[in-house]
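Numbered by this note's numbering, the letters in the sequence shown go through residues 1 to 260 in order.
Be aware that one or more of the hints could be misleading.
Unchecked claim - Okay, derived cross-link-like pairs now, DSBU-like style, lysine-lysine, Cα gap no bigger than 35 Å in a straight line:
| # | residue 1 | residue 2 |
| --- | --- | --- |
| 1 | K192 | K112 |
| 2 | K230 | K140 |
| 3 | K257 | K219 |
| 4 | K260 | K206 |
| 5 | K202 | K192 |
| 6 | K176 | K74 |
| 7 | K219 | K202 |
| 8 | K94 | K219 |
| 9 | K140 | K86 |
| 10 | K202 | K260 |
| 11 | K131 | K192 |
| 12 | K74 | K97 |
| 13 | K143 | K101 |
| 14 | K171 | K206 |
| 15 | K200 | K171 |
| 16 | K260 | K219 |
| 17 | K97 | K171 |
| 18 | K86 | K112 |
| 19 | K92 | K131 |
| 20 | K112 | K74 |
| 21 | K192 | K140 |
| 22 | K242 | K97 |
| 23 | K101 | K74 |
| 24 | K86 | K143 |
| 25 | K143 | K94 |
| 26 | K176 | K117 |
| 27 | K131 | K101 |
| 28 | K86 | K230 |
| 29 | K260 | K209 |
| 30 | K173 | K242 |
| 31 | K131 | K171 |
| 32 | K173 | K219 |
| 33 | K176 | K143 |
| 34 | K200 | K173 |
| 35 | K74 | K140 |
These are computed hints drawn from the structure, not numbers from a lab.
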Amino acid sequence: MNKQEEGWPEYGDLVIATVNSVMDYGAYANLDEYNRRGFLHISEISSARIRNVRDFVRENQKLVLKVLRVDREKGHIDLSLRRVNKRERIEKVKTWKEDRKGVALLFAVAEKAGLTKEEANQQIGAVLEEKYGLYAGFEKVAKEGVSVVTELGIPENLAQVIVQVAEERIKVKLVKIRGVIEVRCPQRNGVKCIQDAFNKAKSSQKGSKIEFAVIAAPKYRVEVSADNWKRAEDLLEKIGEKVVANVVQAGGQGNFKREK
Numbered sequence: 001m002n003k004q005e006e007g008w009p010e011y012g013d014l015v016i017a018t019v020n021s022v023m024d025y026g027a028y029a030n031l032d033e034y035n036r037r038g039f040l041h042i043s044e045i046s047s048a049r050i051r052n053v054r055d056f057v058r059e060n061q062k063l064v065l066k067v068l069r070v071d072r073e074k075g076h077i078d079l080s081l082r083r084v085n086k087r088e089r090i091e092k093v094k095t096w097k098e099d100r101k102g103v104a105l106l107f108a109v110a111e112k113a114g115l116t117k118e119e120a121n122q123q124i125g126a127v128l129e130e131k132y133g134l135y136a137g138f139e140k141v142a143k144e145g146v147s148v149v150t151e152l153g154i155p156e157n158l159a160q161v162i163v164q165v166a167e168e169r170i171k172v173k174l175v176k177i178r179g180v181i182e183v184r185c186p187q188r189n190g191v192k193c194i195q196d197a198f199n200k201a202k203s204s205q206k207g208s209k210i211e212f213a214v215i216a217a218p219k220y221r222v223e224v225s226a227d228n229w230k231r232a233e234d235l236l237e238k239i240g241e242k243v244v245a246n247v248v249q250a251g252g253q254g255n256f257k258r259e260k
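Given the sequences, and given the hints that come with them, work out the whole structure.
This is the structure in structure tokens:
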């Protein structure tokens, strides 16, 4: 989980590094994810002609670098800046930030649960890391709840702490979409029939964010929220179809369409 414990990067790895000394022929940088130091030769800084190394790198600057060579016996790690493209740089920074957030969340759980960091790593971190990735696991808990971790065999008492920390510290971005339901129920208890249809449809999707509003009878608006477009679309379709089916079953009629 903490790459520093693994010791060494491998050839071709992308690493986050902090420049600590710049010279005419290159720069030395500390590898943030490892307890190691690497060298960035001037020829690996840029494809352009370099007159002054400091025009390209400076002390305390964080860079995404590619590992070119690792010599464990000599303790040497050769790095490259020019071989890292924009997409790789963006993705690596994103992953690195998520890794740090994941560790911070894990240690917050450890503090609340009275565990040491090592115990938290073994009992929670390793389990989430293997199944989802550490931060992705916490994010999934924030979205879907305690079952995410209890299904992995994590005890209920720890699972509840994980949920608490995840919900407190991760803001889940929701997608909202709408649809229009048009229903009529000519029966004597038509109003109750329609109310029941909406209530049954909503209760069939417990835990989901669903809101109904009257546009002007017989038209009603349904709004659903989910953590991504696909889930939102699926939920909206299920709810709309369920309401219509309930009304039809009670002797009425109706239709549903997605609001553009």
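To see whether the hints hold, each was checked on the structure:
Our distance criterion of 35 Å between C-alpha atoms is broken by K192 and K112, whose separation comes to about 48 Å. With a C-alpha separation of about 16 Å, the suggested pair K230 and K140 falls inside the 35 Å cut-off, and the hint holds. Using a Cα cut-off of 35 Å, the hinted pair K257 and K219 holds, with the two alpha carbons roughly 11 Å apart. For the given pair, K260 sits about 26 Å from K206 by alpha-carbon distance, which is consistent with the 35 Å threshold.
A threshold of 35 Å between alpha carbons decides the hint, and for K202 with K192 the separation of about 15 Å falls inside it, so the pair holds. Restraint check: the Cα-Cα separation between K176 and K74 comes to about 56 Å, which exceeds 35 Å; the hinted pair is violated. Restraint check for K219 and K202: satisfied, since their Cα atoms lie roughly 17 Å apart, inside the 35 Å limit. For the proposed pair K94 and K219, the alpha carbon gap of about 44 Å is over 35 Å, so the pair is violated.
Distance restraint check for K140 and K86: the Cα-Cα separation of roughly 28 Å lies within the 35 Å cut-off, and the hinted pair is therefore satisfied. For the given pair, K202 sits about 22 Å from K260 by alpha-carbon distance, which is consistent with the 35 Å threshold. Straight-line distance between C-alpha atoms of K131 and K192 comes to about 46 Å, which puts the hinted pair past the 35 Å bound. Simply put, K74 and K97 have alpha-carbon atoms about 31 Å apart, close enough for the 35 Å limit, and the pair holds.
About 16 Å separates the Cα atoms of K143 and K101, which keeps this hinted pair within 35 Å; it holds. The suggested pairing of K171 with K206 holds, with an alpha-carbon distance near 21 Å, which does not exceed 35 Å. Our distance criterion of 35 Å between C-alpha atoms is met by K200 and K171, whose separation comes to about 30 Å. Among the hinted pairs, K260 with K219 is consistent with the structure: their alpha-carbon atoms are about 16 Å apart, no more than 35 Å.
Taking the CA atoms of K97 and K171, the gap is about 16 Å. The hint holds against a cut of 35 Å. Under the criterion of a C-alpha separation no larger than 35 Å, the hint pairing K86 with K112 is inconsistent with the structure, at around 39 Å. Proposed proximity of K92 and K131 is supported: the alpha carbons are some 20 Å apart, at most 35 Å. With a C-alpha separation of about 43 Å, the suggested pairing of K112 with K74 is violated against the 35 Å cut-off.
The suggested pairing of K192 with K140 is violated, with an alpha-carbon distance near 38 Å, which exceeds 35 Å. Between K242 and K97 the CA atoms are separated by roughly 42 Å; this puts the pair beyond 35 Å, and the hint is violated. For the hint linking K101 to K74, the alpha-carbon distance of about 33 Å falls within 35 Å, and the restraint holds. Of the pairs offered as hints, the one joining K86 and K143 holds, with about 30 Å between alpha carbons and a cut-off of 35 Å not exceeded.
Proximity of K143 to K94 is assessed by CA-CA distance (about 20 Å); at most 35 Å being required, the pair is judged to hold. Taken as a hint, the K176 and K117 pair is broken in the structure, with Cα atoms around 38 Å apart against an allowance of 35 Å. As the CA atoms of K131 and K101 are separated by approximately 17 Å, the hinted pair is consistent with the 35 Å bound. For the hint pairing K86 with K230, the CA-to-CA distance comes to about 28 Å; that is within 35 Å, so the pair holds.
This hinted pair checks out: K260 and K209 have alpha carbons roughly 19 Å apart, not beyond 35 Å. Of the pairs offered as hints, the one joining K173 and K242 holds, with about 26 Å between alpha carbons and a cut-off of 35 Å not exceeded. A hinted pair counts as satisfied when its Cα atoms are at most 35 Å apart, and K131 with K171 qualifies at roughly 22 Å. Proximity of K173 to K219 is assessed by CA-CA distance (about 29 Å); at most 35 Å being required, the pair is judged to hold.
Between K176 and K143 the CA atoms are separated by roughly 15 Å; this keeps the pair inside 35 Å, and the hint holds. Taken as a hint, the K200 and K173 pair is honoured in the structure, with Cα atoms around 27 Å apart against an allowance of 35 Å. Between K74 and K140 the CA atoms are separated by roughly 43 Å; this puts the pair beyond 35 Å, and the hint is violated.
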